[in-house]
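Asks: Chains as they are written, first to last, in my numbering: chain L, 1 to 319; chain B, 1 to 319; chain Y, 1 to 319.
Because the hints were derived from the structure by calculation, they are not lab data.
Do not take every clue at face value.
Since the list can't tell identical chains apart, any single copy or any two copies may satisfy a pair.
Computed list of lysine-lysine pairs in DSSO-like fashion (alpha-carbon distance at most 30 Å, straight line) [unchecked claim]: (1) 163 <-> 27; (2) 27 <-> 41; (3) 30 <-> 264; (4) 3 <-> 205; (5) 30 <-> 41; (6) 163 <-> 3; (7) 27 <-> 264; (8) 221 <-> 164; (9) 41 <-> 3; (10) 221 <-> 287; (11) 164 <-> 287; (12) 236 <-> 215.
If you're wondering where the values come from, they're calculated on a predicted model, not measured in any experiment.
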Amino acid sequence: MSKISLQGRDLLSITDLSRSEIEHIFKIAKDMEIIVNNRTKSQLLADKILAALFFQPSTRTRLSFTSAMQRLGGTVLGFHSATASRAGDPSYAESLEDTALMVSYYADIIVVRHPEASAPYIFAEVADIPVISGGCGSISAFKGGSSGEHPTQCLLDLYTIYKKRGNLDNLTILCNGNMTSRATTTLCYSMSIFNSCRVLLNYPKRLEFPDDFRKRLEELKVNFEIINSLEDNIPKADVIYVTTMKNALGLKVTPDEYVVNRTKLEAKAKDGCLVMHPLPRTDEIAKDVDDTPYGAYFEEAWNGLPIRMALLAMILGRA
Amino acid sequence: MSKISLQGRDLLSITDLSRSEIEHIFKIAKDMEIIVNNRTKSQLLADKILAALFFQPSTRTRLSFTSAMQRLGGTVLGFHSATASRAGDPSYAESLEDTALMVSYYADIIVVRHPEASAPYIFAEVADIPVISGGCGSISAFKGGSSGEHPTQCLLDLYTIYKKRGNLDNLTILCNGNMTSRATTTLCYSMSIFNSCRVLLNYPKRLEFPDDFRKRLEELKVNFEIINSLEDNIPKADVIYVTTMKNALGLKVTPDEYVVNRTKLEAKAKDGCLVMHPLPRTDEIAKDVDDTPYGAYFEEAWNGLPIRMALLAMILGRA
Amino acid sequence: MSKISLQGRDLLSITDLSRSEIEHIFKIAKDMEIIVNNRTKSQLLADKILAALFFQPSTRTRLSFTSAMQRLGGTVLGFHSATASRAGDPSYAESLEDTALMVSYYADIIVVRHPEASAPYIFAEVADIPVISGGCGSISAFKGGSSGEHPTQCLLDLYTIYKKRGNLDNLTILCNGNMTSRATTTLCYSMSIFNSCRVLLNYPKRLEFPDDFRKRLEELKVNFEIINSLEDNIPKADVIYVTTMKNALGLKVTPDEYVVNRTKLEAKAKDGCLVMHPLPRTDEIAKDVDDTPYGAYFEEAWNGLPIRMALLAMILGRA
Chain L
1 MSKISLQGRD LLSITDLSRS EIEHIFKIAK DMEIIVNNRT KSQLLADKIL
51 AALFFQPSTR TRLSFTSAMQ RLGGTVLGFH SATASRAGDP SYAESLEDTA
101 LMVSYYADII VVRHPEASAP YIFAEVADIP VISGGCGSIS AFKGGSSGEH
151 PTQCLLDLYT IYKKRGNLDN LTILCNGNMT SRATTTLCYS MSIFNSCRVL
201 LNYPKRLEFP DDFRKRLEEL KVNFEIINSL EDNIPKADVI YVTTMKNALG
251 LKVTPDEYVV NRTKLEAKAK DGCLVMHPLP RTDEIAKDVD DTPYGAYFEE
301 AWNGLPIRMA LLAMILGRA
Chain B
1 MSKISLQGRD LLSITDLSRS EIEHIFKIAK DMEIIVNNRT KSQLLADKIL
51 AALFFQPSTR TRLSFTSAMQ RLGGTVLGFH SATASRAGDP SYAESLEDTA
101 LMVSYYADII VVRHPEASAP YIFAEVADIP VISGGCGSIS AFKGGSSGEH
151 PTQCLLDLYT IYKKRGNLDN LTILCNGNMT SRATTTLCYS MSIFNSCRVL
201 LNYPKRLEFP DDFRKRLEEL KVNFEIINSL EDNIPKADVI YVTTMKNALG
251 LKVTPDEYVV NRTKLEAKAK DGCLVMHPLP RTDEIAKDVD DTPYGAYFEE
301 AWNGLPIRMA LLAMILGRA
Chain Y
1 MSKISLQGRD LLSITDLSRS EIEHIFKIAK DMEIIVNNRT KSQLLADKIL
51 AALFFQPSTR TRLSFTSAMQ RLGGTVLGFH SATASRAGDP SYAESLEDTA
101 LMVSYYADII VVRHPEASAP YIFAEVADIP VISGGCGSIS AFKGGSSGEH
151 PTQCLLDLYT IYKKRGNLDN LTILCNGNMT SRATTTLCYS MSIFNSCRVL
201 LNYPKRLEFP DDFRKRLEEL KVNFEIINSL EDNIPKADVI YVTTMKNALG
251 LKVTPDEYVV NRTKLEAKAK DGCLVMHPLP RTDEIAKDVD DTPYGAYFEE
301 AWNGLPIRMA LLAMILGRA
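Isolated chain L, as found in the complex (with noise of 0.2 Å):
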């Protein structure tokens, strides 16, 4: 058998990676952890340098990355919104493939956040340099490539269930929120190369199914079922896994029926079942449920760091 590697690729869709190459990320990612639990910083990365081109602000993705190549050894460089640079003044209306050959001058790897669900497959053509996608396009459809995703947030939620669970076959994730999240839909697809997964999509119903969030589950066979009670259905969720949905329904408050919280959890759910977030949250998840064994978000937040530790690594070539 060959040794895995992904040195070189890009990463701009959970499904550009194979069952064998994610569990491979597993174990990198499970060695980069001493570094993070020994606040320390590795030299692997030293001579290298990240572009972060966030077109679209980000707390958590871009932190995260900046975190993971500066202990890795190496340094970052980038914009943090379209309005730091020029690529955001739309009276200079740069393309985006200008930009990306321009930033492939500057920098070893990209790391791109926009809000065109294209825009990493531009990067990814004209760069001679690998791309990552740190969460790109909302659902809306690209043609001839998949809608928007967020693929670096879906490994480190399957690494978090993964932990916590030690395999990733046979589960029931409960999506509930919003169905056009980068997070949701690409954790969604990512359920077609386990065995036997599926998933219940629980949203209210003012807000939008995008087609095309549709069109990809079935052309990826995905078994997937639309609900309508987040209660009903927690008895048979191994994951929950919650998105903000108040400000697309232009509501200060999340409606009861859709809020996570620690009553109907201790009520209903399976023993080991797991309450997720891509956060930030606002208040679809009630402040109780953290310090209970379902409340795994945080964790999830931590786990973003070893994996994208193992990616740089390895798309680097050097691990």
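With the hints as your guide, set chains B and Y onto chain L.
Replies: Positioned in the frame of chain L, the structure of chains B and Y alone reads:
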């Protein structure tokens, strides 16, 4: 006598520190001056990451913490303003608790600036890494805690006085300007740590003298007096501590009676009187003071660097 | 002959440099290309800090200076736009002098971009560390100094021509676009340094041809001619230097007579004619030029990296 250590400590209020701790910080800062003067770097914190979280804009504090960390070989991540981060997107409105926990995974020490005086206390409670206030709150009261403070500004102010005078007892500090300035309030509070000091407070009576500033001065038994003339009181001052007031007054020019200039100083000031300012200044200190022996505000800015290097090194257990 | 050195020098105007200094910069840049091509880092400036102070947004200049510093092992601090800094808060309105002095404490070399042409001169006068202009001013006159310039852009432009042609004498440069572009004006000024060069200036007559651009061309004895047709003059050009004009014209599309495209070039251009652009471009150079032998604008962007590495290393006395 046990060795003085700040390892693992937070720095939220100047009154968290004892006199001997402050003097020890000065001793370490003196050593750090060698690195600054040689324009070189040490590798003391090469394995460490500083999270610089500025929810309000800053030039001086942010750049000087960044320079301090880099001069010690460490790296910095964070954000420069609330809008460059989801943390500043009110429609997401992540709690400070969630932000603090997340950042504690990505860095080894946090410096935070925030408009709420309570913010660094929240960060410190949640994060399991040390937290330094980079200037939080205006004077608005914080339930159960202190009003707004800027403790590292205070330390560099005290260090400046200490270097110029050799000690910090028997001081008369004339504060002239805006009594809601975090730099002014913190310097006044710090006078409770030293012997036989007093503060004279001169401000345009159209501006606020905040209740909780008064209350805390009383709690700390600071010897203070509200005065009504800059010029009449200059002869008493060892330090004239000036802050910007014209913006708060809605004026384009500072009223002459509050301006510190060369003529007033040469007519009235003691030998060795220091004119200080946390900067940025506008016109409340005339430029003709810059080159007099009184003007100490640029030296203050310079002193921020060794002071912050000392704090980072001590709190991270390396000095 | 004494060794050529730029140690401790400022770079505010291209005319600060002699021909032999420029040629020496090219020689060092050539060495730096090895580091860039190997996608690695040197430790030449590992002990140094670059302050990158961008009062106006920039992608290319800022990222390429950052990359240059990182490729040489150094670190970078600063701000990306005036609003991320108190320096951009008009109610505080700190003088550039005060900002310059403060930053000179925190870094070892400064690159500054500012809308005022005088800004880098003010920085250089106050700071006791070297200052490089990262593109300042539009063409608006600066009392006693030069109009707006972008000297490092000019150096990379000259380096691009030098690499392609082997020398910089006997050049005819056709500038097509906006005559207030700092890149255009600086390149024109630089022609005074070499032998028997001339510049042909083609621009929409609705746009300004600034008085101080003309005045300085005359002072420098640059052989220049205002022309009225791109196409008629293409045959004369060794270099066609293009800048964006549609925004200044208030148009969504550049008028066809000012667009450089493949058809025009193949019909009229000399062998070896170079089409250049400081980027970002919009539609004034058609994409079909990218893959012709004429298109040199991406190579220009790439050349920015070794040129800026050379400047940093030389000015900091390490090359």
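Asks: Hints first: check each against the structure and report whether it holds.
Replies: Now the hints, each set against the structure:
1. 163 <-> 27: within (11 Å within a copy, 47 Å between copies)
2. 27 <-> 41: both (19 Å within a copy, 29 Å between copies)
3. 30 <-> 264: neither (33 Å within a copy, 58 Å between copies)
4. 3 <-> 205: neither (47 Å within a copy, 64 Å between copies)
5. 30 <-> 41: Answer is both: 15 Å inside a copy and 28 Å across each meet the 30 Å cutoff.
6. 163 <-> 3: Result: close within a single copy only, 23 Å intra versus 42 Å inter.
7. 27 <-> 264: neither (35 Å within a copy, 57 Å between copies)
8. 221 <-> 164: within (26 Å within a copy, 55 Å between copies)
9. 41 <-> 3: both (26 Å within a copy, 28 Å between copies)
10. 221 <-> 287: Result: close neither inside a copy nor across copies, 36 Å intra and 40 Å inter.
11. 164 <-> 287: within (21 Å within a copy, 51 Å between copies)
12. 236 <-> 215: Within. Shortest intra-copy distance 25 Å satisfies the 30 Å Cα cut-off; inter-copy 57 Å does not.
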